[in-house]
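**Student:** Here's the letter readout for the chains.
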Amino acid sequence: KAGVTQTPRYLIKTRGQQVTLSCSPISGHRSVSWYQQTPGQGLQFLFEYFSETQRNKGNFPGRFSGRQFSNSRSEMNVSTLELGDSALYLCASSSQGAGELFFGEGSRLTVL
Amino acid sequence: AQSVTQLDSHVSVSEGTPVLLRCNYSSSYSPSLFWYVQHPNKGLQLLLKYTSAATLVKGINGFEAEFKKSETSFHLTKPSAHMSDAAEYFCVVSDRGKGSSNTGKLIFGQGTTLQVKP
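Protein chains in written order, with the working numbering: chain A, 1 to 112; chain B, 1 to 118.
Please keep in mind that the hints were generated in silico from the structure rather than gathered at the bench.
We treat Cβ as the ideally placed atom computed from N, Cα and C, and that holds for glycine.
Just so you know, not all the hints are guaranteed correct.
In silico DSS-like links for lysine-lysine, alpha-carbon gap of 30 Å or less [to be verified]:
1. B/K117 <-> B/K49
2. B/K42 <-> A/K57
3. B/K42 <-> B/K58
4. B/K68 <-> B/K49
5. B/K42 <-> B/K117
6. A/K13 <-> A/K57
7. A/K57 <-> B/K49
8. B/K58 <-> B/K117
9. B/K42 <-> A/K13
Covered stretches of chain A (in silico footprint by chain B; criterion: 3 or more residues with CB under 8 Å from a CB of chain B, positions within the stretch not fixed) [as the list claims (entries may be wrong)]:
10. 41-48
11. 100-106
Let the hints inform the model, and build the full structure from the sequences given.
**Tutor:** Listed below in structure tokens is the structure:
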């Protein structure tokens, strides 16, 4: 069974640009969550989608958005990038969103 | 509100000696607690989970953790460290949604870096 797949793995952007990250969950999983990991703030929850609906949202500005498609694949978008958005963005999936999450290897974003 | 506090940011042990990574939690509900491990440039892997069944939880790679409600602790232990155990470890509590149901929102501790010396 394939794990959680995130693309791209690495990317470099400049301030003011936007970026879209993609996540394919484990087959059969309907919940997808996104996390931001930085050395200073650690792992912080961005949002969770379940059956195409946003079920939970963390304390991030509106520049951070996401969506989930009918096949449970998810994307997150960050607009008007800032230097502080440089981070490892992790996607996780679960069958019911019931706590035990399976993580992808992440997309490492560098903003110059 | 729920939270976890990892008491050590860095732990160093010699190969073959015991490992103890400490975690305290705060929760309004009976918590679901987890330990995840992250190796360099990798995603997070679940080591073990506590979900109100047995208080002593066994995980992968010889790790185990004991849930102690009276001490609000969920410390991670391993009898004998291996070089491959060197990684960052996260104590995690699951946030509860409406109706006390688990959600996909996890609250992470700040992490403990485990160094294993030969």
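**Student:** Each hint needs a verdict: does it hold in this structure or not?
**Tutor:** Structure-based check of all given hints:
no., hint, in the structure
1, B/K117 <-> B/K49, "holds, 27 Å"
2, B/K42 <-> A/K57, "holds, 24 Å"
3, B/K42 <-> B/K58, "holds, 23 Å"
4, B/K68 <-> B/K49, "holds, 14 Å"
5, B/K42 <-> B/K117, "holds, 21 Å"
6, A/K13 <-> A/K57, "holds, 25 Å"
7, A/K57 <-> B/K49, "holds, 24 Å"
8, B/K58 <-> B/K117, "holds, 24 Å"
9, B/K42 <-> A/K13, "holds, 22 Å"
10, 41-48, "holds (count 5)"
11, 100-106, "holds (count 7)"
Of the numbered hints given earlier, the model fails none.
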